[in-house]
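Taken in order, these protein sequences are the chains called A and B. The first sequence begins at 75 in this note's numbering and counts up by one. The second sequence begins at 279 in this note's numbering and counts up by one.
Possibly wrong hints are sitting among the right ones.
[To be verified] Distance condition first, Cα-Cα at most 30 Å in a straight line; then the derived BS3-like pairs of lysine-lysine:
1. 93/A <-> 320/B
2. 320/B <-> 96/A
3. 334/B <-> 115/A
4. 345/B <-> 115/A
5. 320/B <-> 378/B
6. 390/B <-> 114/A
7. 110/A <-> 320/B
8. 96/A <-> 378/B
9. 114/A <-> 334/B
10. 378/B <-> 110/A
Treat the hints as calculated values from the structure; they're not laboratory data.
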Amino acid sequence: ETGVTQTPRHLVMGMTNKKSLKCEQHLGHNAMYWYKQSAKKPLELMFVYNFKEQTENNSVPSRFSPECPNSSHLFLHLHTLQPEDSALYLCASSQAVIAGGQETQYFGPGTRLLVL
Amino acid sequence: QKEVEQNSGPLSVPEGAIASLNCTYSDRGSQSFFWYRQYSGKSPELIMFIYSNGDKEDGRFTAQLNKASQYVSLLIRDSQPSDSATYLCAVKGEETGGFKTIFGAGTRLFVKA
Chain A
75 ETGVTQTPRH
85 LVMGMTNKKS
95 LKCEQHLGHN
105 AMYWYKQSAK
115 KPLELMFVYN
125 FKEQTENNSV
135 PSRFSPECPN
145 SSHLFLHLHT
155 LQPEDSALYL
165 CASSQAVIAG
175 GQETQYFGPG
185 TRLLVL
Chain B
279 QKEVEQNSGP
289 LSVPEGAIAS
299 LNCTYSDRGS
309 QSFFWYRQYS
319 GKSPELIMFI
329 YSNGDKEDGR
339 FTAQLNKASQ
349 YVSLLIRDSQ
359 PSDSATYLCA
369 VKGEETGGFK
379 TIFGAGTRLF
389 VKA
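Using the sequences and the hints, build the whole thing.
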């Protein structure tokens, strides 16, 4: 266990559904991340929150909507997804992100998402 | 888009041998370098980080960094079947002011018993 939990672990949804992914960290970190991992592709950074403020939106489509109510919780709200959005969605946390810093990211177990 | 390149493998080595995993990066201003291990069906976990040119050793693992050549490697000595996994190289560079960590696609390692 890394101290980062994600729910649900598996999710199947239709293209018209609305669902949310939840991430919680118990490490006292101030930065949280969402990544998408597809087969044989690099981890794709989606969003970064530093002290609850969004500092990175890596050109993610608006059908993905993040929410960070506090430094310990991070959500990813999903709506009208496409089949190509099927992937493993990983949450991570770290010490606060600073320019040139050396913070290590700790990953949750991921949510395996299938969009039908 | 700055890139981190890794040979996708699979790299196959016999048990007890040295496994050498390589990574190149394009952002010359990169300052922090990480190696993560990801077992099949699991999430990535940190093995080592390195910030200065040269070698850094931790048990059976040695990370090597050459900023002039924009090259970072991971050596695994006395490889064990339990080392079989995908190894991800991650680089934190100057893009977006030095806040962003970019991951390579990973190298799959098989250690044969």
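Q: List, from low to high, the hint numbers that the structure doesn't satisfy.
A: Violated hints: none at all, because every hint is consistent with the structure.
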